[in-house]
Each structure stands twice: as structure tokens, then as C-alpha cells.
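Undergrad: Below, each chain spelled out in residue letters.
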Amino acid sequence: MESMSDIIGKISKNVRIYKNVKIGKDVTIGDNTIIYENVEIGDNCYIGPNCILGEPLAIFYREKDYRNPPLKIGKNSIIRSDCILYAGSMFGERFETGHRVTIRENSTFGEQCRVGTLSDIQGYVIVGNYCRFHSNVHIGQTSIIKDYVWLFPYVVLTNDPHPPSDCIQGPTVEEYAVIATGAIIMPKVKIGRESLVGAQALVNKDVPPCTVVAGVPAKVLCSIYDIKCKEGTLEKPYPWRNHYTKGYPWEVKSENRLLQQGKCK
Amino acid sequence: MESMSDIIGKISKNVRIYKNVKIGKDVTIGDNTIIYENVEIGDNCYIGPNCILGEPLAIFYREKDYRNPPLKIGKNSIIRSDCILYAGSMFGERFETGHRVTIRENSTFGEQCRVGTLSDIQGYVIVGNYCRFHSNVHIGQTSIIKDYVWLFPYVVLTNDPHPPSDCIQGPTVEEYAVIATGAIIMPKVKIGRESLVGAQALVNKDVPPCTVVAGVPAKVLCSIYDIKCKEGTLEKPYPWRNHYTKGYPWEVKSENRLLQQGKCK
Amino acid sequence: MESMSDIIGKISKNVRIYKNVKIGKDVTIGDNTIIYENVEIGDNCYIGPNCILGEPLAIFYREKDYRNPPLKIGKNSIIRSDCILYAGSMFGERFETGHRVTIRENSTFGEQCRVGTLSDIQGYVIVGNYCRFHSNVHIGQTSIIKDYVWLFPYVVLTNDPHPPSDCIQGPTVEEYAVIATGAIIMPKVKIGRESLVGAQALVNKDVPPCTVVAGVPAKVLCSIYDIKCKEGTLEKPYPWRNHYTKGYPWEVKSENRLLQQGKCK
Numbered sequence: 001m002e003s004m005s006d007i008i009g010k011i012s013k014n015v016r017i018y019k020n021v022k023i024g025k026d027v028t029i030g031d032n033t034i035i036y037e038n039v040e041i042g043d044n045c046y047i048g049p050n051c052i053l054g055e056p057l058a059i060f061y062r063e064k065d066y067r068n069p070p071l072k073i074g075k076n077s078i079i080r081s082d083c084i085l086y087a088g089s090m091f092g093e094r095f096e097t098g099h100r101v102t103i104r105e106n107s108t109f110g111e112q113c114r115v116g117t118l119s120d121i122q123g124y125v126i127v128g129n130y131c132r133f134h135s136n137v138h139i140g141q142t143s144i145i146k147d148y149v150w151l152f153p154y155v156v157l158t159n160d161p162h163p164p165s166d167c168i169q170g171p172t173v174e175e176y177a178v179i180a181t182g183a184i185i186m187p188k189v190k191i192g193r194e195s196l197v198g199a200q201a202l203v204n205k206d207v208p209p210c211t212v213v214a215g216v217p218a219k220v221l222c223s224i225y226d227i228k229c230k231e232g233t234l235e236k237p238y239p240w241r242n243h244y245t246k247g248y249p250w251e252v253k254s255e256n257r258l259l260q261q262g263k264c265k
Numbered sequence: 266m267e268s269m270s271d272i273i274g275k276i277s278k279n280v281r282i283y284k285n286v287k288i289g290k291d292v293t294i295g296d297n298t299i300i301y302e303n304v305e306i307g308d309n310c311y312i313g314p315n316c317i318l319g320e321p322l323a324i325f326y327r328e329k330d331y332r333n334p335p336l337k338i339g340k341n342s343i344i345r346s347d348c349i350l351y352a353g354s355m356f357g358e359r360f361e362t363g364h365r366v367t368i369r370e371n372s373t374f375g376e377q378c379r380v381g382t383l384s385d386i387q388g389y390v391i392v393g394n395y396c397r398f399h400s401n402v403h404i405g406q407t408s409i410i411k412d413y414v415w416l417f418p419y420v421v422l423t424n425d426p427h428p429p430s431d432c433i434q435g436p437t438v439e440e441y442a443v444i445a446t447g448a449i450i451m452p453k454v455k456i457g458r459e460s461l462v463g464a465q466a467l468v469n470k471d472v473p474p475c476t477v478v479a480g481v482p483a484k485v486l487c488s489i490y491d492i493k494c495k496e497g498t499l500e501k502p503y504p505w506r507n508h509y510t511k512g513y514p515w516e517v518k519s520e521n522r523l524l525q526q527g528k529c530k
Numbered sequence: 531m532e533s534m535s536d537i538i539g540k541i542s543k544n545v546r547i548y549k550n551v552k553i554g555k556d557v558t559i560g561d562n563t564i565i566y567e568n569v570e571i572g573d574n575c576y577i578g579p580n581c582i583l584g585e586p587l588a589i590f591y592r593e594k595d596y597r598n599p600p601l602k603i604g605k606n607s608i609i610r611s612d613c614i615l616y617a618g619s620m621f622g623e624r625f626e627t628g629h630r631v632t633i634r635e636n637s638t639f640g641e642q643c644r645v646g647t648l649s650d651i652q653g654y655v656i657v658g659n660y661c662r663f664h665s666n667v668h669i670g671q672t673s674i675i676k677d678y679v680w681l682f683p684y685v686v687l688t689n690d691p692h693p694p695s696d697c698i699q700g701p702t703v704e705e706y707a708v709i710a711t712g713a714i715i716m717p718k719v720k721i722g723r724e725s726l727v728g729a730q731a732l733v734n735k736d737v738p739p740c741t742v743v744a745g746v747p748a749k750v751l752c753s754i755y756d757i758k759c760k761e762g763t764l765e766k767p768y769p770w771r772n773h774y775t776k777g778y779p780w781e782v783k784s785e786n787r788l789l790q791q792g793k794c795k
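Chains as they are written, first to last, in the working numbering: chain Y, 1 to 265; chain S, 266 to 530; chain C, 531 to 795.
Just chain Y, with the same shape it has in the complex (with noise of 0.2 Å):
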């Protein structure tokens, strides 16, 4: 019987991969595991069972000569199982999926972001660095967002002003905004530097730096500057970056987190 540590760097059993393929040194390909045309896997990357990496587009149905874009994955990077990336897109460093994520064809993800288990990203979309994206996030295309923002569960960025039409425009989320579990932002929409967008909420209106809004549709409801913590152990919840330093570049080490946060229970 096998050992889990035996599949670590190798490519497992029942994987296909199609011809172009660049695979780099101590990456672990899982069972099951498609790789079509012109993908690229940096070293040391860990790639779940049951992945399909480079899925053609559209086109490739219709048109006898299609030929697959490149699709690029950063080294360590982790893809967990069934996941599905297309041809097109690219990934920096340390990327990092949960299960049964779709990223569609000509998006580009800076470093060190994270991608949530069932979440759906349509393509042509630009993410910067540090994000984190949490389940069943769903983007629609030529959305824009910056680095170091937060997307909680069933978040949803819509383009289209006018359903069904072809004038999709997607929103802009900028740097360290925090859209909490279910809000919906519509098209072209702007959400501020720093903002935090409440549970729910639907947002139709730009949202300036440092705001809070929430409800449907969004109102603003204070600066995040006013919020104060529930539970009386954070002096100020936000800017969360002041607190919450795990896995960012301003990183505190441990044994001054919970001097420099609080207590937390």
C-alpha cells in the first residue's frame, strides 16, 4: 500500500498531458490530471487530482486550426484538486486554490494570491498581488482589482448594465477593500481604497476610500475609522492591515501578535 509522501514530485497515475507542456523540478501532478497544449508549471508546485490545466476556449470547437494560448502557473504554487484553469491566463508565485475552482482564459493573477473552493472567475480579469478570494466568488469579466483585497463567500462583480448586451465593464475594487459575504457590485462600480462593503449588500454606487456601505442597495453607513470592535479586543478593527499581518508582507512575527492585536478569544 502507498504512502501519501510517495506522491510528493511525481506525476501520478492516469494524468494526460498533451505535447508543449513545460512541467519544472519537484512538481507533484495528481491522478486524473489533464494538461492540454502550451501550459507551463513552475518548479515546485503542487497540482491536485482530477485538474484540467490549459481548457481550451471556446473557439476550439469551431475552428480546425485553434491553437491553445500558453497558460502560465508561478512557482509553489498549490492547485487543489478539481480544479479547472484555462488556456490564457497567468498565475504569479505562490498561488495558492481551494477545490473545484473555474478560471477562465486571459486573466492575469499577481503574487501570492488565493483562490476559494467553487469559485468562478470569467475571465479577462486583472487581480494584483496578495488577494484573497474566499468560496464561490464569482467575477465577472474585465473586472480590475488591486492588491491586498478581500472577497468573502457568493461576492459577486457583474458587468453588465444592461442584461443581456455587449457593453460589459466590470468593476474596480482597489487596494485592501473588504467585500464581505454575499454583496453584489454592478457594473463599472468603484470600490474605494480601504472600504468595507457589508453582507448583502448591493452596490450601485461608487464607494469612496475608507467607507463602510451596506444594504440593498448600499448606503453608506460610516467611515471605517468609526467601527469599533464587538468584542473589545481590537482598540480599531480597520484598516484590518494594522492587525491582521498573516501571510502579507508586513508580516508580524508571532510572538508579538497577540501583544500587537489584542487578545483575541
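One thing to keep in mind: the hints can contain errors.
[Unchecked claim] Only pairs whose alpha carbons sit at most 20 Å apart, straight line, appear in this in silico SDA-like list of lysine to any residue:
| # | chain 1 | residue 1 | chain 2 | residue 2 |
| --- | --- | --- | --- | --- |
| 1 | S | K453 | S | P429 |
| 2 | C | K760 | S | T373 |
| 3 | Y | K228 | C | Q699 |
[As the list claims (entries may be wrong)] Short derived list, chain C residues pointing at chain S, Cβ under 7 Å:
| # | residue |
| --- | --- |
| 4 | M531 |
| 5 | S611 |
| 6 | T647 |
| 7 | T672 |
| 8 | I674 |
| 9 | G712 |
Keep in mind the hints are simulated off the structure, nothing from the lab.
By construction, the Cβ of each residue, glycine as well, lies at the ideal position given by its N, Cα and C atoms.
Following the hints, position chains S and C against chain Y.
TA: For chains S and C alone, kept in the frame of chain Y given last:
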């Protein structure tokens, strides 16, 4: 090394096909796909990898004499990877899906319908022709959806007025209606022809034809004829079929499209 | 050609089983399923194709001496295709899932629970007996769900009062409570016994027992005893356990059911 064009029109590796399956001419079946008993696939279909066709009904686990009802997929259909289509449903020609779609038993889809990634059709639904469901749409049992309907991401059609009960009755969505992202339609509600339901709405009353509703709970905002184009590029965004013709029987040839619909940057 | 009955009680093809796995009597394992170390499957279980049991925790990717915690699945369970159950969780007898369910580590489910297609249980949750989760339910870490609870599609239990923070604390849902489609429950909130949360609600305060709430944010509407049947067929729709007995310990035999609950067309 293989080329992607090599798989077209062939049955790939590690495919399991049970007895009494009919596969038309020039059908592609991707790696690891499972086709249970009594499935019929029309000519020139593409079935992606990791699909399950003819998934057995719940009684399979209890009844020794279980017989799988037939599943029919019309010709020229594209079923992308990781889809699960239950036994007992029928799909017209040129049916097309995204990935990870689940469609349960005793459902009927007309011709040229599209169902997006992660959509979950609960069975016993009737869908007309040329319907477009975007990602992650959930359709409760006994719903009726007529021709040319658009459902956007995370739209839910519910069916139980007093959950949990046995009195289920799904909504009816009339021709050309559009339901925007995240709207929930309550049981038995009828959405009128050409009407538009706003994002994040909760619709608990019938919507008359050609009417815009929004909010939680949804209220009537105006007629669809009153909507002006936010971009100033379309004279009238609604009825949408006057300017959006792509893939429809009334399609306008490409050289006339920009003229018809105004310049849309 | 094979018959579907041929697979029952057998281990199918392309299954990978790692060391120290215990499989009971008359267990079915579908094609392509992966079972990692230290998984225990009770007698008479059905595990569908393409499942992953004992998925390793995040530290697997960092720690050389990683040891997979045990996963236990009680006897007579049905795990449908494409499910991912992490190591370190426990499921009581007659556990049943839809497809593509993800359940992370350190969760405990009682007996006879059901979890619908696409549901995403984030780990560290405690679920009682006879709970029913419909499709696409998302349960944040540290949530507590007591016996006989119903969660409908797209219900989310959140756990971070100041996202992102380390202060997570999930909601508690008391016995017999029902949460309708698309409702979001905020961190730490307690949903009282027998209560009913309306569709699309945002619940940010505790809900007393036997109470109906709805809206964004949710407000108290009435007692559950005040709800009248919209169809005129049930004398009192709530408490639901008085008329809906299917599959529960207080099940009424079928010849008496119609009598008990009125005629429900």
C-alpha cells in the same frame, strides 16, 4: 506527445460505458467520463472529460430491480468537463453547458439552450428554446421556463411555500424575461413576458409583463420601455431582443450589428 | 457491456487506496475515487465515482512528518460522485450527500444527516442528527447546528465579525429551525428553536424561539404559530414537524400521512 486535435471525434481513455448506450457519429468523449445505461448521444456532440451521463436516480440505491430511465442529448451539443446529467432528462439540439453543471431527472430542455458553470437544475423542470442560464443558477423542481429567458448568476427559483413541506410548486418565467444576479423567485410566482428582475431582488408576487421590479421584497419600479441607456449608446436597452441578436433566430448579420445597436465601447 | 447492478458492493476501476484504510462489508467504491490514509468506511456504504476521501489538511504541503488524521463514515451512508471529505471529520450512520460536496477537517455530523450538491462545509463545525442541508449551503468554521435543522440553498453561516480577523465565531442554530434560501447568518448569532428565517434575509441579531424573521437586516415578523397556509391545505404549516414526518423518528406511516397533513395538491 498528443495534440489536442487528436481527441476530436474519439472516445478517450479510461471512459466507462455501460450497456445499451447509443453514441452518434463524430462524437467526442473525454477522459474518465462515465456513461450509465440507456443514454443516447446525438451526432457531432462533444462530451468533456470527467462527466457522468445517465446518473441514476435515488431509488437506484434501494431497489434491486432499478431500471435507468433514458437520457437523450440532441446533436451538436457541447457538454463541458465535470457535468452530471441524470437519467430521465432530454436536451434538444445544440445544448451547451459550462463546467460542473448538475441536471437531475425528468427535465426537458428545448433547442439551443445554454447552462453555465456550476448551475444546479433540480429536476422535473421544463425549459423552452434558446434559454441562457449563466453560472451557478439553481432551479427548483416543477419550475417552468419559457423560450428566450435569461437567468444570471446565483438566480434561484424556489418551490416550497412552507419549507419543509410536500406542497412544492415552482415559479413560471415567461418568454424574454431577464432575471439579474442573485435574485430569488418565490414559489408559484409568475415572471411576466419581457420583464426584468433586478439584482438581489426577492420576488414574492407575480410580475406583470414588460415590468421592472427590484428590492427585498421586490417592488415595481417602471416599465421596461422607460429604461434609458446608462452609456447613452443604445436608444432603448429594452426589449433587449431589439438590439441583442447574437445566436438567436432573428440574428442580424455582423456588418449591420453596430449600426443597429449603436456604438458600444 | 456492463450492467449498473454489476458495480454494487465492489471497488471499481482506477480507484486509488492509500495505506491504513478500513473498508466495511458490501461497500461500493466508484471509478477514479481516491482514498487517502486513515479512512474508515462503515458497512454497506455507497461511495460514488470521482470522490476524494481523507483529503489532507493544509499542513500536508508544508510538513514532512505530516500524519493524516482519521476520517470515519458511518454505515449505510451514500456519498454521491465528486465529493471531497477531508481527513479528521466524522459522519454518523446513514449520512447522505448530493454531488460535489466539500467538507473540511474536524467536523462532526450526527446520524441520518443529508448535505446537498455543492455544499461547502468549512470544517470545525458540529452538526446534530437528522439535519437536512439543501444545495450550495456554506457553513463557516465553529458553527453549531443542532438536531432536525433545515438549511435551504445558498444559506451562509458566517463567522468573522470584523473580516479579516482571527476572532472567528460561528452562529448556533437550535433544534427544528428552518433557514430559507439565500439567508445569511452573521457571526455569533443564535437562531432559536423552531424559528423560521425568510429567504434573502440578513440576520444580525439573535432570533428568539418560534419566531419568524425576514429582511435586510432581518426583523421579527410574527410567531411561527401565526403563519397560515397559503394553499389552505395545512391547518398550521408550523411547527413543521407536526405535518412533515418523512424520514424522521416520528414518521407517520404512509396511509395516515394525507389524513394528517391535509390534501396537498
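Undergrad: Look at each hint and say if it fits the structure.
TA: Against the structure, the hints come out as follows:
1. For the hint linking K453 of chain S to P429 of chain S, the alpha-carbon distance of about 16 Å falls within 20 Å, and the restraint holds.
2. Pair hint K760 of chain C plus T373 of chain S does not hold up; C-alpha atoms about 29 Å apart against a cutoff of 20 Å.
3. Under the criterion of a C-alpha separation no larger than 20 Å, the hint pairing K228 of chain Y with Q699 of chain C is consistent with the structure, at around 17 Å.
4. Interface hint status for M531 of chain C: upheld, as the beta-carbon distance to the closest one in chain S is roughly 4 Å, under 7 Å.
5. With a cut of 7 Å, the hint placing S611 of chain C at the interface with chain S holds, because the nearest CB-to-CB distance is about 6 Å.
6. Among the interface hints, the one on T647 of chain C holds; its C-beta lies about 5 Å from the nearest C-beta in chain S, closer than the 7 Å criterion.
7. With a cut of 7 Å, the hint placing T672 of chain C at the interface with chain S is violated, because the nearest CB-to-CB distance is about 25 Å.
8. A cut of 7 Å between beta carbons decides the hint on I674 of chain C: the least distance to chain S is about 21 Å, and the hint is violated.
9. Because the smallest distance between the Cβ of G712 of chain C and any Cβ of chain S comes to about 5 Å, under 7 Å, the interface hint for this residue holds.
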